[in-house]
Structure formats: structure tokens, C-alpha cells
Amino acid sequence: MLFNSYVFIFAFLPVTLAGYFLLTQFSSHRPSLLWLTGASLFFYGWWNPQYLLLLLGSILFNYWTGLTLARMCRDHSPWLRPTLAGGIAVNLAIIGYYKYAAFIVDNVAALTGAHFTINAIVLPLAISFFTFQQIAYLVDASRGETAEYDFIDYCLFVTFYPQLIAGPIVHHREVMPQFAAPGQRRFDSRAFAEGITFFTAGLFKKVVLADNLAKIVDPAFSAVAGGDPLSAATAWIGVFAYSFQLYFDFSGYSDMAVGLARMVGIRLPYNFNSPYKAVNIIDFWRCWHMTLSRFLRDYLYIPLGGSRRGPVRRYGNLLITMLLGGMWHGAGWTFVIWGGLHGLYLVINHAFHALRRATGLNREHGWFGLLAGRLITFIAVTMAWVFFRAPTTDAAFAMLNALTGGYGLIDPAESLSVHRYALMGVLLIVVWSMPNTQQMIDACGNRHSYLRWAPTAAWATAVSAGLIFSITQLSKVSAFIYFNF
Amino acid sequence: MRRFRIEQALIRLISVQEHIGSTLKKNRFWTLFTQTADPSVYLWAVCVIGLFYTTLGAVSLVSLGAMDRLPALPISGTNCIDEKFKFLHETEIRSPDLIAVGSSVTWHSVDISAIADRYGDAVTALNAAPCYLMVNETSFLIDFYLENLPDVRTVLSVFAMRDFESCEGTGNFFDTSEARRYIFERQPSWYLYFKNFRPVGFIQDIIHLPDMRSGADLRNTMKMDRFGFTELSIEPPEIRGDNRVSADCLQFVESTARDLNNRGVQWVVVLLPPMPSWVDAYDPGGARDQAWRANIANRLDGTGAILLDGASDLPLQDANFTDPAHLHWESVPILMNWMLDKLENAEILPESGSRSADAI
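Residue numbers (my numbering), protein chains in the order written: chain A, 39 to 523; chain B, 31 to 390.
There could be a bad hint or two in this list.
Derived lysine-lysine pairs resembling DSS-like cross-links, with alpha carbons at most 30 Å apart [stated by the list, open to error]:
#1 A:Lys514 with A:Lys253
#2 B:Lys372 with B:Lys225
#3 B:Lys116 with A:Lys253
#4 B:Lys225 with A:Lys514
#5 B:Lys372 with A:Lys253
#6 A:Lys514 with B:Lys253
#7 A:Lys137 with A:Lys514
#8 B:Lys253 with B:Lys116
#9 B:Lys253 with B:Lys225
#10 A:Lys253 with A:Lys137
#11 B:Lys372 with A:Lys514
#12 A:Lys315 with A:Lys253
#13 B:Lys253 with B:Lys372
Just so you know, these hints were derived from the structure itself, not from any lab.
Small disclaimer: the values here were computed from a predicted structure and weren't measured.
The task is simple: from the sequences and hints, build the whole structure.
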């Protein structure tokens, strides 16, 4: 079940909210949390009930292992580290089997020339998210940083429907205290109003902006994947459109998650903070998929040694972290290259900073420097997205070839889409100049007071229009695009 | 110096903004509009305003209907397809035994009144072809019609090379359950105006539909006769672009033919003759055109489908066309007579006694 579906908006959400607020009338908080947990499991099982067993098995195993690790930590048990390693290994084995088995077998077969084959395995929805979330829990339990959580609370922490499918990757310290606080469960009209506004902003970004940009992106990448030559003009439109599509899609989904949680009084961490305003790659990764960056930093980069063991180890750690971050997104060489590219970008960025410090040229940037930094970062990120989007490495290199004019600058047979270039320009201005959703709604560092949300008639008019219009755009109906017939 | 100028411009912009802001603050309506309310009032306002928008939308639809500017229900999101579905919803021909299905090539080539004139009540036919369809989409549409029109015994499709350009995917281009409810069960489906609302196309249709429906817009005419046929009369003929045939489309021709054969339905595939100036421009000697025709013949061989290739005995001139994929309406009878004679010979249609093989 997707947030941007009729069944979710008109059936699942109203029933879940009504049941939840009805049950909050009881003095005990158990019924309402149990209801949310049940609703979350139903939400997950809607896609494929079979994989509910996997999810529940994973929860039971990790909950039990976490309790064991916490006890071992208190008792200074010598079995602490082996138990932690075993717990992480089991999680990695599950994700490895479902997500990477075919990829590994294919590559081993290609390298050795052996004829191994493996049946296609359906990837359980959200496995990457709930696995990483629980690995973080195990690590923290082994450090004595977890409390003795109630099983229902733990279950809800993993399955909570707003964040289960596509994040944010929630840390137990962020939500467990909220589940336990009785004040959270009363109907709070302010939080509910903020939640609806977040949800509407996200839905609009997803179905109005991202899904329409896909109509530009998909033909471009299908063309290069199919071996059709693409002019540089069309290729650039395709990759720029993908940059915006991915941003609006993913940040829109994250906004919806934040909004849905806010409706029941839970505050989830933000996942995006205007990443295309970043003036360098380090800055970009502080603003893009922030909860994944945080996870990779805390549970991979720092345990690897981080920046504590000299610049060479630091750069090596960065590369390893980003390569594995790339692999987390998908099992394929395109994702490995994408992660590697970002690792390389980060190494260059850190080395450049070190050079500036060494030469004493690390003064503040002027506006031109900031603009140039922002533009270079945006283009570097966009080029890397080519590997993220392309179905194969061959298709990605074909797209890069097209971008550099390998198939000609402009195809005389196709009219130059000036309006599409104008659209890209407008979108760039929007992402560079507009405050993001949390800046508008939660006023996080929002200097643009005219776009700061408040419960006013003006905002009610805008939110209502945005919600209704977005709902009319949920269906996949779209006009035929070859109109020269 | 340059930076100083930019700062000056920014200061001026901010002062203009402040001026507008202070002017608005004096306005009572604006004050009410931007006054912070209790969040619960805000939530009610979102609901009430939402209800207002929905009512406004419904009133707009009724008004557009009264002005005959209401676009057809957006089932496919493409006006000429949805207009054809609207025609099928409204037509009183509910149980045809012959239907014409395909892209606009079929829509503008199969004049059912010629069949009605020849056979009277012996054949009940309907032109159910919309526009823009590739072969896979035609295949999908044929399947949908046959599921809902059990009396159909013959399906007639006229193809041009243009229909074979790209056949990625299954060709599923609309929601069949929505279409079935609207076209065949004639259930109220007004909610689709909200569910599938596409503002750009909707507004364009409001502006242009009257001319399309009346036939005044010659290029995009949707003026249909009672059998669903629409005449085209663009002059002079246009050569338009080149076409490339996709092997996937040929595969769909074969699979559709076998499927229809299994259902006991006769598929008649008619290939439009080539437009001479198009051949001269893009295919000198006509090798590609001939290869395309031969490929289709090979694919249909042994499937039970009947192939009528206009290139073999229907030599037409540029003046007979509006473009390589469509005939000028004055030339449609030539194609129809030739086609019906052939079908009579093949005993697909009954003997009419009014054969016109010499009409060309």
C-alpha cells in the first residue's frame, strides 16, 4: 500500500486514525499502541502477506538479541562481541539472501565461467530499512545505550507505517520515548494540522511534480537502454529532469511520512534539508537522505576509524562507506559505481578543504563562490544520478556519451524542447530559492516569513487546494505523447 | 561594484515587498485571511474549503455540459480515445457482429455506412477504432471489446507502417473495469472527471472541443457519423516523417491473430497502400515498405487471419491521401468497395449482389 493511493488515503488512513484516537480514550496506552502496531502490520501485509512472517521473525530475533546484548553489557560478558557479531551477521545474511544473492551468483559465475543460476527472489518490501534500523538497535544495545523496551513498543518502532516502507531510518532513541509518553496520544489539533500540511506538501511533490517529471525521464533512459542515439540536448533534459524527479519523489515521500506520524503525535526526524542548495558534496550528504547518512556515519564510518587515523585511512573509510551506501540502494554495478563516485567526490572535497587550510586560503566564500559551488555540486550529483537511474552500466555510459554529444548536439528530426529547458530552469530556481517543507511548517531557520505556515485561512485554502488537486492526480492516466499522428 | 548594485536591488525589492505587505495589512479581508486561528478551526477550514472546491468542480462540469464544451470522461486521458468511448457509451448499436478496431488509420478508413448500404440488416457493424494506437495497444483494445461484445464475429483492422513503430509493454492503456462500467454497463461514471483530472488537456479540450466535434477543426476532427466513422479532408496531402518498424509489433500481430482464432473470431487485417511521395522521400524503391508487408504476411500465415494488402491491387495516388496513414474522405469508398469485394470473395461477408470491383 502506497501513501499516494486511494486505498491508503480514503480507507486505511481514516480507519487507522479513527481507531487510534478512539482507543486513546482508554486510560492505558496499550490499546492505542497495539492498534497502531496492528495497522502497521496490515499496511505491510497488504503488499504480500507472506513476507509478514519474515518481518515478524526479524523483529522477534532482534528484540530477543537486543535484550540479551543489553544484559551481557551490564554483566560485562565476554560473549558480548561474538553475540553482537552473530546478530549483525544474521541480519546481513537475510538481506544478503533476498537482495544480493542473484547479484553475487551472477558475478561469481561471470568471473569463474561456471554456469550457476539462481531463481529470481522477490525482494521483501522495506527490507533495507527495517534491517538497518535493527542493526543500529543491536549495536546500541551492546553499548548499553538502550532501555528495556516493551515488545509492543519495539514492534511499533520497527513497523510504524509512516516510516516502514521508505524511511526515514528512525533511531530507537528518537521514537521509543515518544511511544511511552502518555501526553503524545491525546488528539493535538496543532500537531494534526501540521501533519496534514506535511502530508499534502509531500503528496503534491510526489504526484504532481515527480510523477510528471518521470514522463520526461523514462523515455530518455529507455532510449539509451534500447540503443537509440540521443542528442545531447535531449539527454541533458533527461538527466536534469531525473535529478528533480528523484528529489521531489523521495523528499515528498519523506514529508508524507513525517506528516502521517505527526497526525498521531509522533515526530519523526527530517530526511531532506534542501540538498540541492548544498555548496559542496560534504554539505550535500548532510542534507540528502539525512537519516541514512547518519546511520552510515555512526555505524560504519566511525567504527571503521572515521578521520581519527590520518588522511589516507580517512579517505579509504569514506570510499568504503560510500561504496556500501551505494550497495544498500540496490544490488547492481550501477549502484556500486554511484556510491564509488560519491566516495570519490567526498575524498576530493575533503582533500580540497585540507589544501585550502594548508595554504591559508580558507576565507569565507563570496556570493559568486557560493553560486559556483552550488552549481558544480548540482552538476556533479546529477552526473552521478545517471548511474543510479540507468538499468545497466552500458546504458549509463551510453547516456554519458549522449551528454557529451557523442550522438550529436541536437537531433534535427526532433524539435528543441525550449519549454522543457525553461521548466528545468524554473525547477532549479525553486529548489535553490524556496524554503523546504520543515522550514515552512516547523519554521526551522525560515527567514522567508511569507512562506511560514500558520493555521490561517490562507494556508487552509492553499493546503485544501493542494490536497484535492494531488488526489486527482493519483491515477496513472496520461495522454499519449506522440501527437503527430 | 557589481555586488553593491545587487545589494541595492535587493534592498529595493525588500522595500517593495514591505510596501505591498503594509498595504495588504490595512485590508480587512486580507487581515481575516491571514489571521492565525485555533488549529482545530484550521482543520475544519481545510475540510470546508475542500468541500467548496469539490462543489465548484461539479458546478463547472454541469455548466460545461450545458455549453456543450464538456470533454468526454477521461478514461484514457487522450481526447480522441475518450471521445470514441463516449460515442460507444451513447450509441444504440449495442450488439454488433463486426467491429473495426485499430488506430486512427482504421477510424478514418472504415466507413461502416458502406457496409450498411450493401448488406442492410444482414451485418451490424460499428467503427470502434480510436486514435494513436500502436499494434500492442490495438491488441489490448480488441481483447477488451471482445470481452464485452460477445456477438462480434469479425474484427477489421486497417494498419499503416506508423502503427508498428513501438510496442513496448502489454499495451494496457486504460483501466478496463472503469471503461466497462461506462461504455457497456452505462453506469454513472462522473467521478472519473475528478479521479483522472488532467488540467492542461482538460482546458485545451474546453477551448477546442466544439470545433473538433463539429468538424470545423479539419486536422483534429472528431465529427462521427452514427457508426463511429470520421471523414478526413486535409489538403494538400502531407508527407510527414519517416517510420521504423519494431519487431515487437510484428510479434503482437501474430499473437493477436492466434488469440482471435482461438476465440472463433475472424480477424481481417488490411494494409493501407503506400503513399507514393512518402515512398519517394524515405524509402526509394519501396524495399522497406515491401519488407514490412511481407513480414506481416509471414506472421499471419497459418493463424486464420485474412490479410488484404492494398499495395498489391489498390494503387492510389498522393491525392487519395491526407498523409501516409490516412485516406482523404473522397477516397475512402475506393478502399471500402475493394475491401468488401475481397471479403465477399472470402465468404466473410454475405453475397450482396452489388459488387464493384471496377470502381477503382
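Hint check results:
1. A:Lys514 with A:Lys253: Measuring from Cα to Cα gives roughly 11 Å; hence the hint holds.
2. B:Lys372 with B:Lys225: With Cα atoms ~45 Å apart, B:Lys372 and B:Lys225 exceed 30 Å; violated.
3. B:Lys116 with A:Lys253: With Cα atoms ~27 Å apart, B:Lys116 and A:Lys253 stay inside 30 Å; holds.
4. B:Lys225 with A:Lys514: 10 Å, holds
5. B:Lys372 with A:Lys253: Distance ~44 Å between B:Lys372 and A:Lys253 Cα, so the pair is violated.
6. A:Lys514 with B:Lys253: 28 Å, holds
7. A:Lys137 with A:Lys514: Distance ~28 Å between A:Lys137 and A:Lys514 Cα, so the pair holds.
8. B:Lys253 with B:Lys116: Holds. B:Lys253 to B:Lys116 sits at ~12 Å (cutoff 30 Å).
9. B:Lys253 with B:Lys225: Holds - the C-alpha atoms of B:Lys225 and B:Lys253 are around 27 Å apart, at most 30 Å.
10. A:Lys253 with A:Lys137: 28 Å, holds
11. B:Lys372 with A:Lys514: 42 Å, violated
12. A:Lys315 with A:Lys253: 25 Å, holds
13. B:Lys253 with B:Lys372: With a Cα-Cα distance of about 29 Å, the restraint between B:Lys253 and B:Lys372 holds, given a limit of 30 Å.
Hints 2, 5, 11 from the earlier list are contradicted by this structure; the remaining hints agree with it.
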